[in-house]
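Going down the list, the sequences are from chains A and B.
When you read off a place in the first sequence, starting at 1, and then add 105, the result is the number in the working numbering.
When you read off a place in the second sequence, starting at 1, and then add 136, the result is the number in the working numbering.
The reader is advised that the hints may include incorrect statements.
Below, in silico cross-link-like pairs of lysine-lysine (DSS-like), each with a Cα-Cα straight-line distance of 25 angstroms or less [to be verified]:
1. B/Lys-316 x A/Lys-225
2. A/Lys-146 x B/Lys-450
3. B/Lys-314 x A/Lys-225
4. B/Lys-314 x A/Lys-147
The following label-pair restraints were derived from C-beta to C-beta distances [stated by the list, open to error]:
5. A/Asn-219 x B/Pro-321: 24 to 34 angstroms
6. A/Ala-207 x B/Gln-312: 25 to 35 angstroms
7. A/Leu-185 x B/Ser-236: 49 to 59 angstroms
8. A/Pro-256 x B/Pro-321: 42 to 52 angstroms
9. B/Thr-449 x A/Ala-175: 26 to 36 angstroms
10. A/Gly-129 x B/Pro-351: 49 to 59 angstroms
11. B/Gly-206 x A/Gly-129: 56 to 66 angstroms
12. A/Asn-265 x B/Pro-245: 50 to 60 angstroms
13. A/Thr-161 x B/Gln-273: 23 to 33 angstroms
14. A/Gly-139 x B/Gln-312: 18 to 28 angstroms
15. A/Pro-256 x B/Gln-312: 37 to 47 angstroms
16. B/Asp-262 x A/Lys-196: 56 to 66 angstroms
17. A/Asn-154 x B/Gln-273: 36 to 46 angstroms
18. B/Ser-236 x A/Ser-186: 57 to 67 angstroms
Note that these hints are calculated values from the structure, not bench results.
Cβ coordinates follow ideal geometry from the N, Cα and C atoms, glycine included.
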Amino acid sequence: MSMGLIIIAGIGLFIVMLYNGLIGKKNQVENVFGTIDTLLKKRYDLIPNLVSTVQTYMQHERGTLTEITAMRAKAVSGNLSDDEKVDLDNKVSKMMGGIMVAVENYPDLKANQNFIQLQKTLNEIEEQISAARRAYNAAVTDFNNAVEMLPTSLMASMMNYKRKQVFEIAEKERQNVDVKSLFNK
Amino acid sequence: MRTVKELKNFYDTVLYPELSVIEEQRIVTRNRVLISSAVIISIALIIAMIAGYLNAYLGIGVFSFLVLTGVYRYVISEYVRNFKIEIIEKLVKFIDQNLSYTRGNYFSPTVFQESKLFNHRVDCVDSDDYVKGLIGQTAMEFSEIHAKYVTRDSKGRRHEHTIFKGLFFIADFNKQFKGKTIIVPDTAEKIFGQLGTMLQSMNKFRGNLVKLEDPEFEKMFAVYGDDQIEARYILSTSLMKRIVDFKKSSKKTIQMSFVGSKINIAVSYAKDLFEPRVFRTMLDFNPIKEYFEDLKMAVSIVEELNLNTRIWTKE
Chain A
106 MSMGLIIIAG IGLFIVMLYN GLIGKKNQVE NVFGTIDTLL KKRYDLIPNL
156 VSTVQTYMQH ERGTLTEITA MRAKAVSGNL SDDEKVDLDN KVSKMMGGIM
206 VAVENYPDLK ANQNFIQLQK TLNEIEEQIS AARRAYNAAV TDFNNAVEML
256 PTSLMASMMN YKRKQVFEIA EKERQNVDVK SLFNK
Chain B
137 MRTVKELKNF YDTVLYPELS VIEEQRIVTR NRVLISSAVI ISIALIIAMI
187 AGYLNAYLGI GVFSFLVLTG VYRYVISEYV RNFKIEIIEK LVKFIDQNLS
237 YTRGNYFSPT VFQESKLFNH RVDCVDSDDY VKGLIGQTAM EFSEIHAKYV
287 TRDSKGRRHE HTIFKGLFFI ADFNKQFKGK TIIVPDTAEK IFGQLGTMLQ
337 SMNKFRGNLV KLEDPEFEKM FAVYGDDQIE ARYILSTSLM KRIVDFKKSS
387 KKTIQMSFVG SKINIAVSYA KDLFEPRVFR TMLDFNPIKE YFEDLKMAVS
437 IVEELNLNTR IWTKE
């Protein structure tokens, strides 16, 4: 009788551990995604500053600047799903990269103290975003392993947990951080 | 960075004349060492003969060995000092004009402890060669150190235990961060594979295990940190690659930590660094090349790890 109780208690404990482990992994993913979100907001906050600094110099990129301002407005308006956020972020990253390349044609702008400072801040945030994305991918991989591997997979299917997508960081995007290589393109 | 060919030229023109003087001192020093050893050993033998019983031999042996090492150190001290000032300092300046060389103990136990590289309490740090300077925009310093902790046995005798012996390097890091991130050689994963990783993640002594995506880097090192994102912010994909390359080219055991906006690196060495030879001639290019390569390895860290890239907010 008591043996039976011990076994039941053991199984119960095991289930609780599986359950808590999965919850912990899910929360880790959400936590890191939260950080990415904060960092992206920080970067969006820099866009008006960037636009106002470069627009007096950049005569041929007016269209791009208007577009990026519009994107920022959309991003900070809220009510976006996670997927939309990621998508918008990719577009903004690409466009920012484009602007930074175009800067090459404006030596006066490149020498502008304000711009140099701004560029450093942008690099900083890009580097932090890249770190957060990698942390997110690590957390998601951890979570996905738990969802697909035994014995946690049984628990996960009962809790209706599904695989999450990792960030696909294109090679080009990763290099955004390195301004020198951008300029040499 | 200077090449071995440039060093050969420097050796022929500048160092060789200096080494000739050092060589004369070496011969005098060697003779003194030999004579004083002969005297000590003879005295020990005489005492042993007078004592005449077996139990005393061990005591006499140990005692005369201690006297020998003490006398040896004393006899060679002046020669060593001259050698370091004349040769090592010139070599340091040859590698980079902006570097300065000092003899003396500049790394306190606190500095070493604060690197968080080793868990053990540090009681004393011996160091005598200290190099400091600016490489590009990056302030750096390094020293050959021997960090120890002291215990006392039941009879109150003092015992020293080595925590680390080798080169200890500190430089200003090019990014700002708040927490600590530590990189240690990955022994558990090498031996136990997947199970090793599990064991590592349970070891919270150094902080949380940070699993990184570079497989080559992961095979060599285990990373612990306060903050998963910050650890990745510091260890960008390019820095991981550079650390792997540095580890491969130096062929040494390397540990690193990132604390208080600095990078600390400990490179283990079994031998004593930058010491002159006593029983073999110093008029030889090979030992000079060895000193040069050990110094260059430390100085090159700044370039190897790209610490001069200042594109982020930290100036």
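Results of checking the hints against the structure:
1. B/Lys-316 x A/Lys-225: Given that 25 angstroms is the threshold and the Cα spacing comes to 23 angstroms, the pair holds.
2. A/Lys-146 x B/Lys-450: Cα-Cα ~21 angstroms, so holds.
3. B/Lys-314 x A/Lys-225: It holds: about 19 angstroms lies between the C-alpha atoms, which stays within 25 angstroms.
4. B/Lys-314 x A/Lys-147: holds, 19 angstroms
5. A/Asn-219 x B/Pro-321: 24 to 34 angstroms: violated, 46 angstroms
6. A/Ala-207 x B/Gln-312: 25 to 35 angstroms: holds, 29 angstroms
7. A/Leu-185 x B/Ser-236: 49 to 59 angstroms: holds, 56 angstroms
8. A/Pro-256 x B/Pro-321: 42 to 52 angstroms: violated, 33 angstroms
9. B/Thr-449 x A/Ala-175: 26 to 36 angstroms: holds, 28 angstroms
10. A/Gly-129 x B/Pro-351: 49 to 59 angstroms: Since the Cβ atoms of A/Gly-129 and B/Pro-351 sit about 25 angstroms apart, the hinted range of 49 to 59 angstroms is violated.
11. B/Gly-206 x A/Gly-129: 56 to 66 angstroms: holds, 59 angstroms
12. A/Asn-265 x B/Pro-245: 50 to 60 angstroms: Roughly 55 angstroms apart at Cβ, these two residues keep to the hinted range, so it holds.
13. A/Thr-161 x B/Gln-273: 23 to 33 angstroms: holds, 31 angstroms
14. A/Gly-139 x B/Gln-312: 18 to 28 angstroms: holds, 21 angstroms
15. A/Pro-256 x B/Gln-312: 37 to 47 angstroms: About 43 angstroms separates the Cβ atoms of A/Pro-256 and B/Gln-312, which means 37 to 47 angstroms holds.
16. B/Asp-262 x A/Lys-196: 56 to 66 angstroms: Given a distance of about 59 angstroms, which is inside 56 to 66 angstroms, the answer is holds.
17. A/Asn-154 x B/Gln-273: 36 to 46 angstroms: violated, 26 angstroms
18. B/Ser-236 x A/Ser-186: 57 to 67 angstroms: Since B/Ser-236 and A/Ser-186 have Cβ atoms about 59 angstroms apart, the given range 57 to 67 angstroms holds.
In this structure, the hints that do not hold are numbers 5, 8, 10 and 17, in rising order.
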